[in-house]
Amino acid sequence: MLNLDFSFYSWSLIHDYVLKGLYFSVFLTAVATLGGIFFGTLLALMRLSGKKWLEWPAVTYVNGMRSIPLLMVLLWFFLLVPMIIGHPIGAEYSAIITFVAFEAAYFSEIMRAGIQSIPRGQVFAGMAVGMTYRQNMTLVILPQAFRNMLPVLLTQTIILFQDTSLVYIITAYDLLHGFELAGKNAGRPEESYLLAALVYFVICFSLSYVVKRIHKKIAIIR
Amino acid sequence: MALDFSVFCQDTLSNEVVKGCLESGADQTYLQWMLSAWGWTVAVSLAALAVALVVGSIIGTLRTLPDSPWLVRLGNAWVEFFRNIPLLVHVFLWYFVVPKIIPAMSGVPPFLLVVCALGFFTSARVAEQLRSGIQALPRGQRYAGMAMGFTTTQYYRYVLLPMAYRIILPPLTSESMNIFKNSSVAFAVSIAELTQYALQSGEETAKPIEVYIGVTVLYVISALAINRIMAFVEKKARVPGFVASGTGGGH
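Quick note, the sequences are listed as chains A and B, same order. Under the numbering used here, think of the first position of the first sequence as 193, with each following residue one higher. Under the numbering used here, think of the first position of the second sequence as 17, with each following residue one higher.
Treat the hints as calculated values from the structure; they're not laboratory data. All figures in this text were calculated on a predicted structure; none of them were measured in a lab. Even glycine gets a Cβ: it sits at the ideal position worked out from N, Cα and C. Any given hint could be a false lead.
[Said to hold, decoys possible] Quick partial rundown of chain A residues pointing at chain B, CB under 10 Å, derived from the structure: (1) 196; (2) 200; (3) 353.
[Unchecked claim] From chain B, some residues computed to sit far from chain A (all C-beta separations above 10 Å): (4) 28; (5) 35; (6) 37; (7) 52; (8) 122; (9) 157; (10) 201; (11) 245; (12) 247.
Produce the complete structure using the sequences and hints provided.
Given below as structure tokens:
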């Protein structure tokens, strides 16, 4: 490579700048995935409830979130959340709230597809043995929907992990920010961006490899 | 909390409200600025979409070629490279790293660099869709083309690709809408597009809510417009008497 020099990258540089960012990115991904799946499932259930007054807000919310760039959603929440709760919160907390709210819309579409993939007969079978709606969902439908959709949910999680880099816009301290600071500090921003790309690649590539394995496993069980 | 949309009629220099909003006072109004930012968003998106369609078609086709394992591997590597690195990092790579490694690229305007980043990033997704579109066709179609004495280029051109493109129109629609949303990352390298506008003028005017509402509405309008255009294309391109892949575009 022309005039690129990676020798400046020492353990202390990684320790001081990058690790903190990595922790936050992973934490944000984990919280947003769990929160997103929880609220996403609720939204999906609202959408499939067959009651107009539940369906309509869910549809509006999901389509609204999906037609705005995540960066604008980040800006909106960064502006509105402190206004609503009345005192400033850090960029990190704002990012967490935004990601849960934003990803819920995407996870709800996945969960909706998962629930719809279960044959209707199973719902009727549940009703026939006297299950309530709640029992039917939690004991029969949702467990199967989760398992069918597991590969898609995990793929969405990988996308989510990549999207955490967008918290750049509200200058939260994530993995990319860590690399950027380290690069600026060492006077080697270009090499730092290349390393950032490499780290993201290794993480996402290995995760998608795992997802492929899981996909195969699930396919055999069914 | 009362909203005050007269902020859009303010002049960007004097901050006085200009009558008619679109007439120039000392400088442009915030509305004019926002419309020109919309223009940049549209320009980045459409240029990137063109790059993505051309490159994505080539890569996607390569990945389905029979008897050329190295071309298939090249295509796969391309897709993995772009799918596993965040878009924002790609933008930084093109903006900071490429001009440094290739000195000839140092004079290229940022607009083109962002278009490359967004275009190539999306090309990987288009390639993936086209590959699955081609593979979704019955194998007999390929063999039929071969049996007719078509060369590989000919049976792709006349048999496989025309049907594959029709199959992947619904996912291409959502990809085109994604490009508009993803074009917002251009803010990071100071392209004067909508998100950059939202950041800057939100701060300048101290009326971020009004500004964000304007920007959000424009993004939604853009997404709807793309959706309608693609629905029109889908209708026009439909093969008579052939019911194409049932889903019809997301939801």
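Now the hints, each set against the structure:
1. 196: It holds, given that the least Cβ distance between residue 196/A and chain B is near 7 Å, below 10 Å.
2. 200: violated (15 Å)
3. 353: holds (8 Å)
4. 28: Non-interface label stands for residue 28/B: nearest chain A Cβ at 20 Å, farther than 10 Å.
5. 35: holds (29 Å)
6. 37: holds (23 Å)
7. 52: The claim stands: residue 52/B keeps its Cβ more than 10 Å from every Cβ of chain A (closest is about 18 Å).
8. 122: Check passes; 12 Å lies beyond 10 Å.
9. 157: holds (26 Å)
10. 201: violated (7 Å)
11. 245: For residue 245/B, whose nearest Cβ neighbour in chain A is about 15 Å away, the distance exceeds 10 Å, so it holds.
12. 247: At about 15 Å from chain A, residue 247/B clears the 10 Å cut-off, so the statement holds.
The structure fails to meet hints 2 and 10 from the earlier list, while all remaining hints are met.
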